[in-house]
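Protein chains: 2
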Amino acid sequence: MKNDKRVWLYDTTLRDGAQREGISLSLEDKITIARELDRMGIPFIEGGWPGANPRDGQFFWKLHEEPLERAELVAFCSTRRPNVRAAEDKMLQAILAAKTRWVTIFGKSWDLHVTEGLKTTLEENLAMIRDTIEYLRSRGKRVIYDAEHWFDGYLQNPVHAIDTLKTAISAGAEWLVLCDTNGGTLPAEVSWIAGEVREKLAIDPDDENSPQLGIHAHNDAGVAVANSLAAVIEGARMVQGTINGYGERCGNANLCTLIPNLQVKMGYDCLETEQLTRLTETSRKVSEIVNLAPDEHAPFVGRSAFAHKGGIHVSAVAKNPLTYEHIAPEAIGNQRRIVISDQSGLSNVLSKASSFGIDLDKNDPTCRQILDRLKELESEGYQFEAAEASFELLLREALGQRQTMFDLKGFQVHCDMLRSESEAIATIKVTVKGEDLLEVAEGIGPVSALDKALRKALVKFYPEVAHFHLTDYKVRILDSGSGTEAKTRVLVESSNGHHRWTTVGVSSNILEASYRAVVEGIEYGLSILPRRSEEAGGRRQEAGGGDLVGSQISR
Amino acid sequence: MKNDKRVWLYDTTLRDGAQREGISLSLEDKITIARELDRMGIPFIEGGWPGANPRDGQFFWKLHEEPLERAELVAFCSTRRPNVRAAEDKMLQAILAAKTRWVTIFGKSWDLHVTEGLKTTLEENLAMIRDTIEYLRSRGKRVIYDAEHWFDGYLQNPVHAIDTLKTAISAGAEWLVLCDTNGGTLPAEVSWIAGEVREKLAIDPDDENSPQLGIHAHNDAGVAVANSLAAVIEGARMVQGTINGYGERCGNANLCTLIPNLQVKMGYDCLETEQLTRLTETSRKVSEIVNLAPDEHAPFVGRSAFAHKGGIHVSAVAKNPLTYEHIAPEAIGNQRRIVISDQSGLSNVLSKASSFGIDLDKNDPTCRQILDRLKELESEGYQFEAAEASFELLLREALGQRQTMFDLKGFQVHCDMLRSESEAIATIKVTVKGEDLLEVAEGIGPVSALDKALRKALVKFYPEVAHFHLTDYKVRILDSGSGTEAKTRVLVESSNGHHRWTTVGVSSNILEASYRAVVEGIEYGLSILPRRSEEAGGRRQEAGGGDLVGSQISR
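In order, the protein sequences belong to chains P and R. Reading the first sequence from the start, the letters are residues 1 to 555 in the UniProt record's numbering. Reading the second sequence from the start, the letters are residues 1 to 555 in the UniProt record's numbering.
Check before you lean on any hint, since a few could be wrong.
When chains are identical, the list treats them as one kind, so a pair holds in a single copy or across two.
[What the hints assert, rightly or not] Within a straight-line C-alpha distance of at most 25 Å, the following computed DSS-like cross-link-like pairs (lysine-lysine) qualify:
| hint | residue 1 | residue 2 |
| --- | --- | --- |
| 1 | K200 | K362 |
| 2 | K319 | K285 |
| 3 | K5 | K200 |
| 4 | K62 | K90 |
| 5 | K474 | K166 |
| 6 | K460 | K90 |
| 7 | K375 | K433 |
Derived from the structure by calculation, the hints contain no laboratory data.
Please build the complete structure, drawing on both the sequences and the hints.
Structure follows, in structure tokens:
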């Protein structure tokens, strides 16, 4: 479907998104995210509320010195306070100091918030909207008007609500954004209300000179994306949302879901096709910057969004991807994955093995042995879905192809916060190429000490170990109900500067679990990675070779 | 809104939900979940596919011996294979062996899946549907027919798709469930297709003797809930979904979102009002059983769903909850929370303190000191949103009300996997009531050893410590990009058998972070909990007193 109509994307990750519990952005974080959004081609990026906190003011100054390439940076602010002249409202001075071309002003639509919240009259509410927008227009700003609590307000007092928008238009606002601030509106209501607003304000979505409608949805009823789509169908030409749907309470409309729906499925024009392929990467980068684990089950961009686990699905997708995939994952920079797990039938194992370059015959009894071993380990708490390097080691072992790079005899960890403020000390005993080694190292914590001691021992025999380092370390408590005696699953991501791979260790002792994952990480890097890199080098000539390497970099 | 129409809930957590990456259910897990769903009043509970794996067979036998109280347990199966008699299909024998009154049979709606997947003809597809349903009817079963890939199939070949449903009706199916198997359909499409189906099959949603439509949506486009609502508006009277939206790829329609939307917002009759208040608890219990962290931002049931963080929201909600809450959290067993965080203004701290029974004056300079200390700790990686016990200790300290229960001098941890397979050993030095103590204990891992050593030292002075135990232990790596040297945040939940409370510790050394959280947990249990319990006892007489205790039990 292609309808050639433009929908303007407006990102508020840096303002509304940052309200999410658990997010706390530094100035540098905000700048990095803004540049990432700019690169992806988002036309409007809301940077913050300059008067509300000093960091947001600094953010606008920084980006005024070194501007974004294409996006319009937008400063956010409320209308003036009641009974104050716009020119004397400090917040409005702060928004002017942000020096953006565009500003977003939010005002009250719901009479309850005017009379109970602001303790003022509906007339004064209209005056606040008019004065603020007229003042900002007189200072050369272009204005987006966010109608806060639009849907609740319209249901309670449609006359006053419509008056607020008429006031905003006559004062010079170019966009009127219907905000579902409490997030409780359902799609059918959004449809009829947005349709009525369009008619009552005589807005023509196809006329460039007409003021236009936008939608700003929250996800408290789980339908923020559907509400945004409903508004677009009724003529809204701007959607406001956040990357990964971050936002207060249940979040804002998720742009990573909205954009592919609008563009790939409904044919609206939002981003260049090339920019759209950056979507998955942008989603993951932003989640790294805000330091939240990515939602692996997120539509379109999640690691599991195109993952196939059930046996029937796996064999059908191998025949024809259309059968179980609603869009091509490549369009948004994601990729298909075949998942290894408890439920996997033989076909999953075969398909995964073949992605490692191992051709297994399904009648080979080794296959059954691998499946049995897999189930045994999973019942102990292992999971290989995120630890493909460990899974490949398991496969190679079953096939008699696991090389002995070193033989570990054990470790000791000592951590003394009693007599000194010392770091942790780890001792490791290992046999390499017939030689017994005892090595010791200090680290900031016990796992770092273990990793250092092992690499110190091995580097004499395998110099490439000097380039290995741990890039991620994740701990998951299984059966967390049993407190500190619970089983611990540790995922370790290692890198040699070019490739990343993930290994897993499980134990009731967090140190032992960490140790196992670290050891497998080093073994994989030494024994399998060189082979993989050669093959990938060769395959990259052929189509699709990059995917193989991609599937190893399982982040 | 109340419309008195019944919508039948059909839960498939145990079958489709279990397909989610990361979920692996034991027989006991499945039984526990089924009983929980039964208690909440879900009328149809799909238990599994009896022929597909032995565990599902056992599950049905177990529940046949000790049946559910009210729910209909449903067994799931495909139609017979092509060119085989129904009576000779092993899968159909297995579904009969499950001994349920109701069975769900899924068949193909999309011609592509018939010709390419099954390699058979469209005529044989109709015969497979007819034979299977007629056979099961002849053996006394009542039949729900799941029309797999309905929407894709209808768009490709509406004549064949409608024929499959007509065949299912004439063979005796009572429910026809439109499945969006690939999850790519958008609400507007669901509306018009469901409307057309209702007309073409002459289904009357209000006639008890008519076959009825159902909807089974997947979330690949982020609109599974909205699609389900759209189908209900068009006359579907059954919604299939899973608790917490678990399911393959991006999951199934989330019943925890759908139920409140249907019942509280749209007025359909799904559960008793009393049963609905179990929703939040059920959501969290199921997430514990499947061992996945609950989605704190989930609509309705998430811990953040009614959490208020921004200063404006907090003060408005204090005046009138309606201003920023779309429904009353109590209706679904959730509760309002005021969040302590970096962004919190003074009003959040005041409001939280008052929930601890501490009345602060906002002009008191101590308030500013508390805010400053909070920001300092948060910049080190502390977070108090989930660790209210630690926050209360912080408040009491600032107010000069923190009692010294014991004075820690330090700890040593030793873990030897070199000379022995021993457990970890922890030594702790502590001064209690003027007496210096050195204690040592063994544990299965270092944290458990630390906890034991500390309690061993303290129990002589504080016998109640004998009843304390750790009930949950969570590790989060902050800044995970720096590998094993990253900062670690540990949350520890402690219990004395009646109350639970959560404390936090942060350090680059995972042992030190754990130690800090464990120590604060014991301190809170000794110094603050007794006071809290007395107050709560007093307050429980008044309305709302239970909430106070509830807010301490922050799970």
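> So which of the earlier hints does this model not fit?
Replying inline: Those not satisfied are hints 1, 2, 5, 6 and 7.
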